[in-house]
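**Student:** Residue-level listing of the chains:
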Amino acid sequence: MSVRALGHAYGELRTIECLDLEVEPHGVVGLVGPSGCGKSTLLELICGLLEPSTGTVQVGGGAAPSERLSRSAYMPQRDLLLPWYSAIDNAALALRNRGLGKAEARRQASGLFERFGLAGFERTAPAELSGGMRQRVAFLRTLVSGKPVLALDEPFAALDAITRAEMQEWLARALRADPRTVVLVTHDVEEALYLCDRVAVLSARPARIVAELRVPAPRLEDRDAAVTDPAFVAVRERALRALHEGSR
Amino acid sequence: MRRWLLPALLLGTLIGAWQLAASSGVIAEALSLEDFLVPSPSEIASSLWENRSLLGENAWVTLREIVFGLGCALVAGLGFAVVMYRWVTIRDATYPLIVASQTIPIMVVAPILVVWFGFGIGPKLVIVALVCFFPITVSTISGLGSADPEAIKLMRSLDASRWQIFRRVEVPTALPSAFIGTRIAVVLAPIAALFGEQAGSSAGLGHLIIQDNAQLEVAREFATVFVLAAIALVLMGLVALAERRIVNWR
Chain U
1 MSVRALGHAY
11 GELRTIECLD
21 LEVEPHGVVG
31 LVGPSGCGKS
41 TLLELICGLL
51 EPSTGTVQVG
61 GGAAPSERLS
71 RSAYMPQRDL
81 LLPWYSAIDN
91 AALALRNRGL
101 GKAEARRQAS
111 GLFERFGLAG
121 FERTAPAELS
131 GGMRQRVAFL
141 RTLVSGKPVL
151 ALDEPFAALD
161 AITRAEMQEW
171 LARALRADPR
181 TVVLVTHDVE
191 EALYLCDRVA
201 VLSARPARIV
211 AELRVPAPRL
221 EDRDAAVTDP
231 AFVAVRERAL
241 RALHEGSR
Chain S
1 MRRWLLPALL
11 LGTLIGAWQL
21 AASSGVIAEA
31 LSLEDFLVPS
41 PSEIASSLWE
51 NRSLLGENAW
61 VTLREIVFGL
71 GCALVAGLGF
81 AVVMYRWVTI
91 RDATYPLIVA
101 SQTIPIMVVA
111 PILVVWFGFG
121 IGPKLVIVAL
131 VCFFPITVST
141 ISGLGSADPE
151 AIKLMRSLDA
161 SRWQIFRRVE
171 VPTALPSAFI
181 GTRIAVVLAP
191 IAALFGEQAG
201 SSAGLGHLII
211 QDNAQLEVAR
221 EFATVFVLAA
231 IALVLMGLVA
241 LAERRIVNWR
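Here the protein sequences come in this chain order: U and S. First residue of the first sequence? That's 1 in our numbering, and the numbers climb one at a time after it. First residue of the second sequence? That's 1 in our numbering, and the numbers climb one at a time after it.
Think of the hints as simulated: they come from the structure by calculation, not from any bench. Among the hints, erroneous ones may be present.
As the list claims (entries may be wrong) - Here are a few chain S residues that face chain U, going by a calculated C-beta distance under 7 Å: (1) P149; (2) L154; (3) L158; (4) A160; (5) W163; (6) Q164; (7) R167; (8) P172; (9) E243.
In this text the structure is predicted, and so the values were computed from the model without any measurement. Ideal Cβ positions, reconstructed from N, Cα and C, are used throughout, including at glycine.
Bound-form chain U, shown alone (with noise of 0.2 Å):
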């Protein structure tokens, strides 16, 4: 996946502003910037739902709107689960668009439901489970899809503290199953650093990259112990340094 030069702008609103970003296959990367930093318009623009005004993206390289929607995932802040399907029926959606039967899009993502701790809550209704459960089967539903990227955008902002964490140590596990190249965006600087290989830290509107981090050991076992680790205590300050600077 790589972005180049990239541009874009709402009308007179210029959200991006020559922006490079390169995501090798299998990387992690994550976005952190100023709220309104056209973050999710990074995303949308990836995934060939919005077109830039200048510079290119490419994913898998394909430039163009179609190969870039065939080649990418998208998983918006809300779960947006469809309240009149099942959780498995929303999970398997990717599925079922591309022409599969009922049945055998349930059966292929039934296995995934045993993976990641759903099993038994197939034919629950959304509004019946909880806040992390809905991002779970809406994380499933990313995943079914079975694409080389996928793009994250806030996906456990909506979540309290707690299971916001369960659900990072979550994701990291079921990247660990079953890696794929991610672009996260978050507003959360622990988050990005514990998750990604490497994090790019934002500008205010118009969006540049005043930063790009390493991060020492990404995705420890464990959560607790990976991110009161001092190398990786070090890189937050400096990612919180970068961010605080770039939202001047």
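Put chain S on the given structure of chain U with help from the hints.
**Tutor:** Same frame as chain U, now just chain S:
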């Protein structure tokens, strides 16, 4: 329990008061009318029983007009809503005209339709369908337009075609509003059928009411109104039942 008990109590009290007032002749005296012109609930009930076959035959005629007219309105209304939603040009061209057409009073249209289509079921179907078409179309269109743009974006990212987005996101989103329109239509349909029959007919509850009115058969007139109300209530119940089965995620 409370939901049913309170209205039932109130209804019982009202009917009881009416029974007392009518059978003692208080109302007739106050209006200086003959007693038989102010029937009591018990007289209406016995008229309902004595005329059961006459009322049944005419109710069957009116019921068919209502149900088929509603059916036409549903098919046309839902179909037209989808067409107007998908093709903005058609919507822009027709929507103002459809709204403006609602200012034409149905009492004026009904006799003209009888002149054109005769005394049979035809003009009644058209009248019922005309009246019911508007609420169904308008509510469905606004329902289709209220689909979450973020959900549509998500579906695009999950390889959905335009048709799949329509079927899996927009249609389910629109269903509750379509049902609101249908409920309004079900309330309007019996009134529309009555207008149609009063403009010219050889059978039906509206036809019966005109005859009874001329012959001062007031008790039977009340009985007819009772039958019409019962039809409307049953239809409303059926729509509510269908809504609960189809919109089962709420």
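**Student:** Each hint: holds or not?
**Tutor:** Quick rundown of the hints versus the structure:
1. With 7 Å as the threshold, the beta carbon of S:P149 stays out of range of chain U, its nearest partner Cβ sitting at about 11 Å, so the hint is violated.
2. At about 5 Å, the closest approach between the beta carbon of S:L154 and any beta carbon in chain U falls short of 7 Å, and the interface hint on this residue holds.
3. Annotation: S:L158 was flagged as interfacial toward chain U, and the flag holds, the nearest CB pair being 4 Å apart, inside 7 Å.
4. With its C-beta approaching chain U no nearer than about 4 Å, S:A160 sits inside the 7 Å limit, and its interface hint holds.
5. About 10 Å separates the beta-carbon of S:W163 from the nearest beta-carbon of chain U, more than 7 Å, and the hint is not met.
6. The closest approach between the C-beta of S:Q164 and any C-beta of chain U is roughly 5 Å, which is under the 7 Å cut-off, so the hint is satisfied.
7. This hint is violated: S:R167 has a C-beta 10 Å from the nearest C-beta of chain U, more than the 7 Å allowed.
8. The restraint placing S:P172 at the interface with chain U holds, with a minimum CB-CB distance near 4 Å, inside the 7 Å limit.
9. Proximity of S:E243 to chain U is violated relative to the hint, the smallest CB-CB distance being about 14 Å (cut-off 7 Å).
In terms of the numbered hints stated before, the structure departs from hints 1, 5, 7 and 9, listed from lowest to highest.
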